[in-house]
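Since chain A is already given, all that's left is putting chain B on it; use the hints.
Each chain, letter by letter, is given below.
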Amino acid sequence: MEAPLLHLALVGTPNSGKTSLFNALTGSRQKVANYPGVTVERKEGFFVTPLGRQVSVVDLPGTYSLRGRSPDEEITRDFVLGKASGESVPDLVLCVADSTNLRLTIRLLLELKRTGRPMVLVLNMFDIAARRGINVDAERLAKELGVPVVTSIAVRKGGTADLLTLTDDISAGLAAEPQENSWRALGVGELRATQREADRIIADCVSLPSRPDTWTARIDAVVLHPVAGLLVLALILFVMFQAVFAWAQPLMQLLNSGFDALGEFVHASLPAGLLQSFLQNGVISGVGSVIVFLPQIIIIFLFILLLEDFGYMARAAFLMDRIMGGAGLHGRAFIPLLSSFACAIPGIMATRVIDNKRDRLTTILIAPLMTCSARIPVYTLIISAFIPARDVWGFINLQGLVMFGLYAAGIVSALLVSFLIKFFMLRDYAPAPFMLELPDYKMPRPKSIAIGVYTRAKMFLHRAGTTIFSMMVLIWFLASFPQPPAGATEPAIEFSLAAIIGKAIAPLLAPVGFNWQIAVALIPGMAAREVAVAALGTVYAIEGGKEAAEQIGQVLATKWSLATALSMLAWYIFAPQCASTLAVIRRETGSWTWMAVTFTYMLVLAYAASLVTYNVAVALGAG
Amino acid sequence: MTDTNETRPQMPLGLAQRGYSGIIQHLSAKDAGSALSDIELESRLIELGFVEGARVEVLHEGLVGRDPIAVRVDNITIAVRRREAMAIIVA
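Respectively, the protein sequence lines represent chains A and B.
Last residue of the first sequence: 623 (the working numbering), numbering continuous.
Last residue of the second sequence: 91 (the working numbering), numbering continuous.
Simulated from the structure, these hints should not be mistaken for lab results.
Heads up, the beta-carbon is just placed ideally off N, CA and C, and yes, glycines get one too.
Don't take each hint at face value.
Only pairs whose alpha carbons sit at most 30 Å apart, straight line, appear in this in silico BS3-like list of lysine-lysine [as the list claims (entries may be wrong)]:
no., chain 1, residue 1, chain 2, residue 2
1, B, K30, A, K503
2, A, K113, A, K143
3, A, K31, A, K503
4, B, K30, A, K442
5, A, K143, A, K157
Here are some, though not all, of the chain B residues that point toward chain A, as calculated from beta-carbon distances under 10 Å [said to hold, decoys possible]:
no., residue
6, L15
7, I23
8, A35
Looking at chain B on its own, in the form it has when it is part of the complex:
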């Protein structure tokens, strides 16, 4: 799995489809367009366990606009809107 990650292109989690699984590369709050300030958004994502190296998997999507998404982060599940998930860069 690790070698595929090295070759896989990086993308924001906010664009991932259901079933996508990957590793967090870094956080980039300024690209998310969230209502929160960059620092606040980054802090909250870290507090919910979105840190570099964590394994994420998109488990579920909402009905309207496939939003929000339910993401497995290591062994917990977090619901987050795609807009904020744009700050999480995965590969």
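Isolated chain A (complex conformation):
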């Protein structure tokens, strides 16, 4: 008979290297979902032990104690106690420690022991500790703590071999001895006593070198310097946005020509008619125009994951705390807001690190103003069609500069909105505390980064294959039916449902310089921002035939005035057009009201910004 699936749970403080251990154990065999009822990300992976035992391992949210002061930490507590709904009690808890920094983990482990779950202490990053002259007596530690201790180097091949063997040894003897759970929330006195006990054990088992990690101190001398640090931060952000625009270009062109060729192939091999039009204009040019942006999404996630792995993100929060505090934001809001540059959805989910409700709400409300990667397709399309690709001052690409300006506009307006919220709505309250560990710098781990980027890219492609695909089918349908009467001379789209809808909305959008084609594209764009690009492609392709589909940028350049293009850019800084973001806001705030507030205020800002941009541009002669 085959042994049942062994359930492991990874517990540890933030920065303990839990996630890289998880990645090392499971590779790409991971499943990311949510815990039922809450929006805490549930990461489960699978592997097989040397003796062939099937193992499932869950990476629990990082925590310093089992008190559960945020939804994430509650999950960790409930999971370990076997109280999480729909989850089985873990057979074995792996308490993961950064070997260079055992103090807080040992205290957590002493608390975890009271739950009575079978447990192993994993001394991760053991190589780094050894290199720094930190000497951990693992055998003695195991004796003092009363739990097995195993060392691991998650980033090295074979670095988890001992852990795998131990898992086999332990799983053989499990089941027999159910332990009592004597855990209850610790009072201040017990907490202090536990920390003392932990410090005593560490004093017995660990010898520290006389000098601390000099690299971290040297880097921090610059990176946390009040002035130089901010310059470094600005430089990092600037390089990031230039990279998103410039480095991705060759790959994007490659993908673009690939999809063009595919469209050509379909055009040539199928008889003219509805099926040919559906495949070429609906599916290939629609979905293709979104997938083209995969390189940019990979680059932005690569930057964010690298900075996080390196240990820089906490520093950025430190630098920005008081500056953001002026706008009514918490320093911890910096990380969610920075993630929102990739996508507002993980950004809004990351606001769970902010434990004050009001600070969290403010951050959620402004997160969608950060320029997410879904806006990149729209910006790129319009910028490359209307802004000349020349250099200013010899070295800065003008298109990149406009892109940077759009990002800056998003940030500035987010800060303004936050300031107004603080001023009008949440006037009198003491600012919530800012307490954050600044981990020692570590070389980013390529495998871990690769798995992270891969997971995100897969999510993006999945979206392109489902949401965006179905929207494209809808748009193609609206733009193709009803068919024009026999003998009609105008383009077919003039007779379609899309034209009827677009022309009905167009008067509302005329003051901001949008034509009915844009109105049509904005409707499916409600599902996801980048769909608007594909929708414009479809609308103009069906209107203008094959040539138009090939170079949608060139078509726009002839059909739109510069004022309309600028107005469209201004619209997209604010546009609340992302159904998934709105859904996440509803889930995270637990209220339809805040979702409606977000939608309304962003729509008002979008309309106002476009109105001003369009009219100023027309007045300056760009109409």
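Chain B only, in chain A's frame:
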């Protein structure tokens, strides 16, 4: 170093300058004026390693109002605002 600590006056860490180094004497959450309750603030400080006897050193200060501060607590670094650091009495 220990004998200087005995003679040094006690002060809240929240008032310490960059470069200050000392030993935690006790925690006094009620004097901090934090948004957190006394018990919550004290628990969190302990969870981050601020316990009696730990050696602390102020490594860095922020730009605006020299706030927040980065504090070395034994062998880890914690960022904390001066307001909360007022609860940590050092000498």
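Results for each hint:
1. Using a Cα cut-off of 30 Å, the hinted pair K30 (chain B) and K503 (chain A) is violated, with the two alpha carbons roughly 65 Å apart.
2. This hinted pair checks out: K113 (chain A) and K143 (chain A) have alpha carbons roughly 14 Å apart, not beyond 30 Å.
3. As the CA atoms of K31 (chain A) and K503 (chain A) are separated by approximately 45 Å, the hinted pair breaks the 30 Å bound.
4. Restraint check: the Cα-Cα separation between K30 (chain B) and K442 (chain A) comes to about 37 Å, which exceeds 30 Å; the hinted pair is violated.
5. Distance hint between K143 (chain A) and K157 (chain A) is fulfilled; the C-alpha atoms sit about 28 Å from each other, no more than 30 Å.
6. Evaluation of the L15 (chain B) hint against chain A yields a violated restraint, the C-beta minimum of about 17 Å exceeding 10 Å.
7. About 14 Å separates the beta-carbon of I23 (chain B) from the nearest beta-carbon of chain A, more than 10 Å, and the hint is not met.
8. Look at A35 (chain B): its Cβ gets to within about 4 Å of chain A, closer than 10 Å, so that hint holds up.
Against the hints set out earlier in the document, violations occur for numbers 1, 3, 4, 6 and 7.
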